[in-house]
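Please put together the full structure from these sequences, using the hints given.
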Amino acid sequence: MQRFLSTIIVLLICLNTLAQTKGSSMRGVVTENDSEPMMYASVALITDGKVVTGAVTDTLGVFLLNGIKVGNYTLRISSVGYNSITREITVDGKSAIDLGRIMLSEDAKMLGEVQVVGVAAAKNVTVEKTRINTSASMAATTGSLLDVIRSSSAVSVDGSDNVSIRGNSNVLILVDGVPTTLSGLSGIPAANVQSIDIVTSPDVKYDSEGTGGIISIVSKKQTAGGLNAMTSANYGFNGFFNGNAAINYNHGRWGVRMNYATTYEKDDIESELHRVIRQTSNGIDQQIDATRKNSNHNIGLNLNYKATAKDILTLDAKVGLPRINNSQNFHNHYLTAGVESEKSRQTDITFDRTMLEGSLTYKHIFAPGKKELSMLASVSSIKGNRPSYYYEEGMMVQRSVSGGHPLNGAFQLDYMTMLGKTKLEMGGKMTYRKNNINHKMYERSTEADDWSLSIPLSNDLQHREYIPALYGMVSGKFTQRLTYKAGVRMEYSRVTLHSDKEQLDDESDTWFLAPNIVLNYKVSEPFSLTFGLSRRLSRPTYPQLNPYINLIDNQTYETGNVHLKPEKANKVDVGYSYSSNILMLNGNAYFNYTQDYINQIAYLSPEALVMIYINGKMDVKTGLEQNVTIKPLRWLDIELATNIYYTRSRGDFDGLAISNSGWVSNSNIALRLRPMKGLGIQAQYYVTTPQYFPQFTTKTIHYFDLGIKQTLLKGQLTFSALLTDVFNTRRWDIHSDNTLYTLTNLSKNHTRVFWLGATWNFNS
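Position one of the sequence shown corresponds to residue 1 (this note's numbering), numbered consecutively onward.
Bear in mind the hints are in silico, worked out from the structure with no lab data behind them.
Mixed in with the good hints, there may be bad ones.
Pairs of lysine to any residue residues, derived as SDA-like cross-links and limited to a Cα-Cα distance of at most 25 Å, are as follows [claimed, not checked]:
1. Lys709 <-> Tyr685
2. Lys221 <-> Asp414
3. Lys421 <-> Thr86
4. Lys371 <-> Lys421
5. Lys423 <-> Leu470
6. Lys205 <-> Ala589
7. Lys709 <-> Ile669
8. Lys423 <-> Pro515
9. Lys383 <-> Asp289
10. Lys123 <-> Arg730
11. Lys310 <-> Thr422
12. Lys434 <-> Met490
13. Lys748 <-> Asp289
14. Lys205 <-> Gly428
15. Lys266 <-> Leu321
16. Lys129 <-> Leu624
17. Lys266 <-> Arg292
18. Lys714 <-> Arg674
19. Lys485 <-> His405
20. Lys501 <-> Glu465
21. Lys129 <-> Leu482
22. Lys423 <-> Met490
23. Lys205 <-> Ala317
24. Lys69 <-> Glu525
25. Lys363 <-> Arg292
26. Lys429 <-> Lys565
27. Lys343 <-> Asn282
Bear in mind that the values here come from a model prediction, so they are computed numbers and not experimental data.
Right, here's the structure in full:
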């Protein structure tokens, strides 16, 4: 018994000694200017000029230091491009020290003599969003943002360059926080973009628009002091080119950035279509040879003025001149009432636009990180012209002239304050949208050989929309491990439609309440769980509403639907995050239920097959998105991104049942190697299994990209080479077998391209 008691006493003494040796722990959360988590910031604890321990913040901005002995220390937190923070810390033997939230601000005067060379993460993933670093993505060499965002498994791109997030194509596109009038990403030069956020679970500070989610594009800005510049050029064999030049000057209170970007693409597309109408057995076999020429010139200006340490004024202005020409040759073989015939048809359509975008921001900082007020006024406008020419058997039979002027304008007010440890954010926004296209189609009379205006094929729809909105949000922590963010956004919209041709004067009102809740529980230091609940809205866009007839061929056309209603989505997300020096895991199980979903379907009219937008009954998507990054060696990263979901849609139109369902997997795997200083090699393989849409299904898409990049002269000069679609397997094939028709459409464009590029940086 005495021996047993002696053993217990010795164990207690050892445990007490071990506890004293173990020391204290120190925890904190590092954020950026906008209170977003600062990932991969360096944290060091220093005493007597020596680093005793350190860490790197995880995807939530959290760091943890263990085994700290009693004493006085200096805590230093730093990240490239941000002002470092130092704090004097006294450790008095407490087991846990919580430093709370620590904010880093952008560095406006980095020393010219100091060179910091690092490897930027190509992609940072959290439960709410995926941030893609454009400069770290070799796909940016092509100049296309579409190629860059494909690395996110949540994103898929169809044969017409329409973007979907988790299978939903109703996506809101923001440029520097401002909605753009551009209908796609092809008109935005990749060279001007710093990062892209794929926001799958937006909070209430964002517009509630976009049931699929938000693609938020952040333009490049240079905060280094003095004069610096960069220029780049990339050439793809044969017929592809993009270039960029930018100059920055920062001195005292002023900062100026000017940039110019240009893009030119000439792409050849070969397609074939086979369609049989079940009711009549009439069919068409179609061979299509098309050439698409795309050019764009983009000029940007950014002015930043710090009137005082607390007052900041920012002006952004952009001018874009996108121009797209589509020339198509149709070789048609018809079977009509048992009689075969052939006819050739040619179309030549040009989209010639002038884009103007601008924003003016004022921010007043009452207390850094504690109380701020900001105001934003923005405008985005396009003036467009679309001449079109249609030929049959070499003779022009139709021509059209279209002119449009879409406009977005908004004023926004945001306020943030800390109430103890609770963060309160509130604000309001007024948005105005308008669009009108005056489309006139002329037809040649074969008898009189003159031209006449076609009333059925012309249109004059005017669209106006007013959207006032208010939001409020609180965030903080219930316990040391459990944090929360909860808010609600209320939007009202009034839409007016007017058309003389359609004899239409319509006005509709919509109220929408969009709550959002996010809970995060820190199970352990590297592991956390997140729950999210949100509600979102997609209002019909002008092309979806406009009833004008767009001729695809002489038996097929597409049109809009003025009777469309907004679609509403309810979303639930449950995610986890694990982060260490070697392994990073992010997963998100989601359930999206969409009512009155907007989608394009086909129905048979007496004259032709008509593609029209409708409101389906419901669309459900249930899936799991997973991102795994492994760093087994200092010079090797392996990343696997996959999104697997089950989709089911239901609806009907004029008695025609519209439904489809199936499992979809959108995945890619990337290997990034750095075998020697300044040299980077990237190999990435993409695969998307069949996708299921109302009335049609796609075939599997897979392709492989390979790139290499060499940096010289301490980062001033970079050469790159990229081969896209190495095995020339990327194509867009769809199939449909429904109660109305059977259809097969096979399409292949120029996807295997060898790119060479060079970038030069001056003092940057």
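Right, here's what the structure says about each hint:
Between Lys709 and Tyr685, the direct Cα distance comes to roughly 18 Å. Compliance with the 25 Å bound is thereby established for this hinted pair. Of the pairs offered as hints, the one joining Lys221 and Asp414 holds, with about 22 Å between alpha carbons and a cut-off of 25 Å not exceeded. The suggested pairing of Lys421 with Thr86 holds, with an alpha-carbon distance near 22 Å, which does not exceed 25 Å. In summary, the hint linking Lys371 to Lys421 is supported, as the alpha carbons are separated by about 13 Å, within the 25 Å threshold.
Under the criterion of a C-alpha separation no larger than 25 Å, the hint pairing Lys423 with Leu470 is consistent with the structure, at around 17 Å. Under the criterion of a C-alpha separation no larger than 25 Å, the hint pairing Lys205 with Ala589 is consistent with the structure, at around 23 Å. For the hint linking Lys709 to Ile669, the alpha-carbon distance of about 19 Å falls within 25 Å, and the restraint holds. As the CA atoms of Lys423 and Pro515 are separated by approximately 17 Å, the hinted pair is consistent with the 25 Å bound.
Taking the CA atoms of Lys383 and Asp289, the gap is about 30 Å. The hint is violated against a cut of 25 Å. For the suggested pair Lys123 and Arg730, the alpha carbons sit about 23 Å apart, so the restraint of at most 25 Å is met. For the given pair, Lys310 sits about 22 Å from Thr422 by alpha-carbon distance, which is consistent with the 25 Å threshold. With a C-alpha separation of about 21 Å, the suggested pair Lys434 and Met490 falls inside the 25 Å cut-off, and the hint holds.
Distance restraint check for Lys748 and Asp289: the Cα-Cα separation of roughly 10 Å lies within the 25 Å cut-off, and the hinted pair is therefore satisfied. At roughly 9 Å between alpha-carbon atoms, Lys205 and Gly428 fall within 25 Å of each other, so this suggested pair holds. Between Lys266 and Leu321, the direct Cα distance comes to roughly 17 Å. Compliance with the 25 Å bound is thereby established for this hinted pair. Taken as a hint, the Lys129 and Leu624 pair is honoured in the structure, with Cα atoms around 14 Å apart against an allowance of 25 Å.
Pair hint Lys266 plus Arg292 holds up; C-alpha atoms about 6 Å apart against a cutoff of 25 Å. A C-alpha spacing of about 16 Å is found between Lys714 and Arg674, which places the hinted pair at or below 25 Å, so the restraint holds. Using a Cα cut-off of 25 Å, the hinted pair Lys485 and His405 is violated, with the two alpha carbons roughly 39 Å apart. A C-alpha spacing of about 21 Å is found between Lys501 and Glu465, which places the hinted pair at or below 25 Å, so the restraint holds.
For a cut-off of 25 Å, the pair hint linking Lys129 to Leu482 stands: about 20 Å separates their Cα positions. Under the criterion of a C-alpha separation no larger than 25 Å, the hint pairing Lys423 with Met490 is consistent with the structure, at around 20 Å. At roughly 23 Å between alpha-carbon atoms, Lys205 and Ala317 fall within 25 Å of each other, so this suggested pair holds. Between the alpha carbons of Lys69 and Glu525 the distance comes to roughly 20 Å, so the proposed pair stays at or under 25 Å and holds.
In summary, the hint linking Lys363 to Arg292 is not supported, as the alpha carbons are separated by about 44 Å, beyond the 25 Å threshold. Annotation: proposed proximity of Lys429 to Lys565 holds, straight-line Cα distance about 23 Å (limit 25 Å). A distance of roughly 15 Å separates the Cα atoms of Lys343 and Asn282; the hinted pair therefore holds under the 25 Å criterion.
This entry does not satisfy hints 9, 19, 25, going by the numbered hints stated previously.
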